[in-house]
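Q: So the chains spell out like this:
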Amino acid sequence: MDFFSQISPFLLSGLLLGSIYGLSATGLSLIFGVLKVANIAHGAFIMLGAYVAYFALTMWGVVPFVSAILALALGGALGYLVYVAVVKPLGLKNELNILVALFALFLLMAEAARILWGPDFVGYTWTIGSFSLGGLIIEYTKLAGALLALAIVISLEVFLRKTYAGRAIRAVVQDSVGAQVVGINVDRVYALAAAVGIGITTLAGVFITLFIPVGINPYMGGPYTLMGFVIAVLGGLGSIMGAYLAGLVFGLITSVGYFAFSELGFAEPSQMALFIAFLMLLLILLFKPTGLLRI
Amino acid sequence: MALLVKNLESGYGKLKILFDVSLKVEEGSIVTLLGPNGAGKTTTLLTTFGVVKPWSGSVYLGDVDVTHLPPHKKVDLGIALVPEGRRLFPEMTVVENLALGAYVKRARDKVDDTLELVYGLFPILKERRWQKAGTLSGGEQQMLAIARALMSRPKVLLIDEPSAGLAPKVVESIFQALKQLRSEASVLLAEQNAGVALEICDYGYVLENGQIVLEGAAGDLANNEHVKKSYLGV
Ligand SMILES: Nc1ncnc2c1ncn2[C@@H]1O[C@H](COP(=O)(O)OP(=O)(O)OP(=O)(O)O)[C@@H](O)[C@H]1O
Ligand SMILES: [Mg+2]
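Residue numbers (my numbering), protein chains in the order written: chain A, 1 to 295; chain B, 1001 to 1234.
Keep in mind that a hint or two might mislead.
[Unchecked claim] Computed cross-link-like contacts, BS3-like style, restricted to lysine-lysine with a CA-CA straight-line distance of at most 25 Å:
| id | chain 1 | residue 1 | chain 2 | residue 2 |
| --- | --- | --- | --- | --- |
| 1 | A | 93 | B | 1053 |
| 2 | B | 1016 | A | 93 |
| 3 | B | 1132 | A | 162 |
| 4 | B | 1126 | B | 1006 |
| 5 | B | 1169 | B | 1229 |
| 6 | B | 1110 | B | 1132 |
| 7 | A | 36 | A | 88 |
| 8 | B | 1126 | A | 162 |
| 9 | A | 88 | A | 288 |
| 10 | A | 36 | B | 1132 |
| 11 | A | 162 | B | 1110 |
| 12 | B | 1132 | A | 288 |
| 13 | A | 162 | B | 1073 |
| 14 | A | 88 | B | 1014 |
| 15 | B | 1169 | A | 88 |
| 16 | A | 93 | B | 1014 |
| 17 | B | 1155 | B | 1132 |
| 18 | A | 88 | B | 1053 |
| 19 | B | 1073 | B | 1024 |
| 20 | A | 162 | B | 1053 |
| 21 | B | 1053 | A | 36 |
| 22 | B | 1105 | B | 1169 |
| 23 | B | 1073 | A | 93 |
| 24 | B | 1053 | B | 1073 |
| 25 | B | 1228 | B | 1024 |
| 26 | B | 1024 | B | 1053 |
Simulated from the structure, these hints should not be mistaken for laboratory data.
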């Protein structure tokens, strides 16, 4: 087999998974842009979304594209609660306290999941077939997940630019005092951004299960927090489209990295992919701390 | 509509900045608040507007007690602020900034009319309407900040040192525009530049160390020995 036909499946799966990574990072980026809060608990909501997908399908036969709506609503409600019960009482200026509280929330959610649903890896199988494109096998579920993720990101961008609520969010991102001055209820915008951001993150957790059908467990969130930050920083914290594009780039790099390391054979490839993520974060922070795009 | 500030006190943390500040802006008038650096001019405007919480005293818009309303409710009732440092949305165009100025429901229906009004006042903003606010000159940014505040159709406009950091010619043209606002709104203008402020205002207060130490009609203040010595440099 020639090099291109060897690597092209990895490019494709990198793009498809990257689309989901991008979606999940938009939630993180939105929250950072508006509240200037780094949502360390990010990965826990990915985990929650993954369990929503699992239980919805195995208990009620509800397919992931439908349970995604449930996850969005659940995540949205929890995001609102996180703002009202954690962030606001601590005060937005106490960044360190908020960081610690969100880390505690992350651990709490993982432990709660272990107690409720057990420590084991669970998963499901759900296929609606595949098609072949120039020798590449593409599963419909993955393709649909990736395209839906793109559609959701575009809708979010349109919401931010065309509606009053969306413009209020962008105003707070650019100057929160200016936003107050024009009569925006900044407190409500914070709550809205937390709800939308965590809602989207939880929804992304559902889509991720399309790619890791048996990787669902209470402690799965950690790497997703890390990857989420790498992607959001690469995209320019606060930028929605930037986060999405960075997700695609990240998906491509880790997927090709996986391919390269499995060829070389000296290291465990998925661990190396994570290592690459760390390395990228370091390099971005050194050379382009503002990221690819701004909001 | 008239604005009445009565015995206002406020500060930051435990530090009291304003002591028993009372002032009145009659309907259709321009009132200036003079004072040196750190006197508490900005704090007076921010407390009136609700960004800084009042410790005691009251604020009335017409007959309505608005003392403890948050800023977004005050804007809704007709108080607007042109803040220190302008606080524009730098990555948005001039038009987008102005559209957000009309964010409160009351102002949304009138956006087109109000745009005409502010473009008439500051024609340069119409020329620059597709430019990002962050790329405007200092004078243009100040004009945009005032125009954005006007977009909410305020009855009372609070303006914080519009002359700060601008060349005299630019200051002159901004103050000429402010003069025309009388028919639109009552104006409370905080300024260090007493010369230009006293030229356009009807009445003035002098704030020092958080207290009103002097007040009077513009002409009287301009002839007052203390004002002459400390603020007009003559
Ligand atoms: N956020 C804040 N926290 C603590 N102290 C503050 C804060 N803002 C202002 N101060 C203090 O309050 C006092 C009054 O400040 P203020 O900004 O109201 O004065 P000002 O008359 O507007 O001055 P300037 O002409 O320099 O703008 C100053 O001593 C200042 O140091
Ligand atoms: Mg000031």
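Q: Does each hint hold? Answer for all of them.
A: Results of checking the hints against the structure:
1. Between residue 93 of chain A and residue 1053 of chain B the alpha-carbon distance is near 17 Å, which keeps this suggested pair within the 25 Å criterion.
2. Of the pairs offered as hints, the one joining residue 1016 of chain B and residue 93 of chain A holds, with about 21 Å between alpha carbons and a cut-off of 25 Å not exceeded.
3. For the given pair, residue 1132 of chain B sits about 17 Å from residue 162 of chain A by alpha-carbon distance, which is consistent with the 25 Å threshold.
4. Distance hint between residue 1126 of chain B and residue 1006 of chain B is unfulfilled; the C-alpha atoms sit about 39 Å from each other, more than 25 Å.
5. Restraint check for residue 1169 of chain B and residue 1229 of chain B: satisfied, since their Cα atoms lie roughly 24 Å apart, inside the 25 Å limit.
6. The suggested pairing of residue 1110 of chain B with residue 1132 of chain B holds, with an alpha-carbon distance near 23 Å, which does not exceed 25 Å.
7. Straight-line distance between C-alpha atoms of residue 36 of chain A and residue 88 of chain A comes to about 13 Å, which keeps the hinted pair within the 25 Å bound.
8. Between residue 1126 of chain B and residue 162 of chain A the CA atoms are separated by roughly 22 Å; this keeps the pair inside 25 Å, and the hint holds.
9. This hinted pair does not check out: residue 88 of chain A and residue 288 of chain A have alpha carbons roughly 31 Å apart, beyond 25 Å.
10. Using a Cα cut-off of 25 Å, the hinted pair residue 36 of chain A and residue 1132 of chain B holds, with the two alpha carbons roughly 23 Å apart.
11. Taking the CA atoms of residue 162 of chain A and residue 1110 of chain B, the gap is near 18 Å; set against the 25 Å cutoff, the hint holds.
12. Taking the CA atoms of residue 1132 of chain B and residue 288 of chain A, the gap is about 23 Å. The hint holds against a cut of 25 Å.
13. Simply put, residue 162 of chain A and residue 1073 of chain B have alpha-carbon atoms about 24 Å apart, close enough for the 25 Å limit, and the pair holds.
14. The straight-line distance between the Cα atoms of residue 88 of chain A and residue 1014 of chain B is roughly 21 Å, inside the 25 Å bound, and the hint therefore holds.
15. About 46 Å separates the Cα atoms of residue 1169 of chain B and residue 88 of chain A, which puts this hinted pair outside 25 Å; it is violated.
16. At most 25 Å may separate the alpha-carbon atoms for a hinted pair to count; residue 93 of chain A and residue 1014 of chain B meet this at roughly 18 Å.
17. Our distance criterion of 25 Å between C-alpha atoms is broken by residue 1155 of chain B and residue 1132 of chain B, whose separation comes to about 28 Å.
18. Proximity of residue 88 of chain A to residue 1053 of chain B is assessed by CA-CA distance (about 17 Å); at most 25 Å being required, the pair is judged to hold.
19. Restraint check for residue 1073 of chain B and residue 1024 of chain B: satisfied, since their Cα atoms lie roughly 21 Å apart, inside the 25 Å limit.
20. The hinted pair formed by residue 162 of chain A and residue 1053 of chain B fails the criterion: a straight-line CA distance of about 33 Å is larger than 25 Å.
21. Simply put, residue 1053 of chain B and residue 36 of chain A have alpha-carbon atoms about 23 Å apart, close enough for the 25 Å limit, and the pair holds.
22. Taking the CA atoms of residue 1105 of chain B and residue 1169 of chain B, the gap is near 36 Å; set against the 25 Å cutoff, the hint is violated.
23. With a C-alpha separation of about 23 Å, the suggested pairing of residue 1073 of chain B with residue 93 of chain A holds against the 25 Å cut-off.
24. Between the alpha carbons of residue 1053 of chain B and residue 1073 of chain B the distance comes to roughly 14 Å, so the proposed pair stays at or under 25 Å and holds.
25. Distance check on the hinted pair: residue 1228 of chain B and residue 1024 of chain B sit about 23 Å apart at the alpha-carbon level, within 25 Å; holds.
26. In summary, the hint linking residue 1024 of chain B to residue 1053 of chain B is supported, as the alpha carbons are separated by about 19 Å, within the 25 Å threshold.
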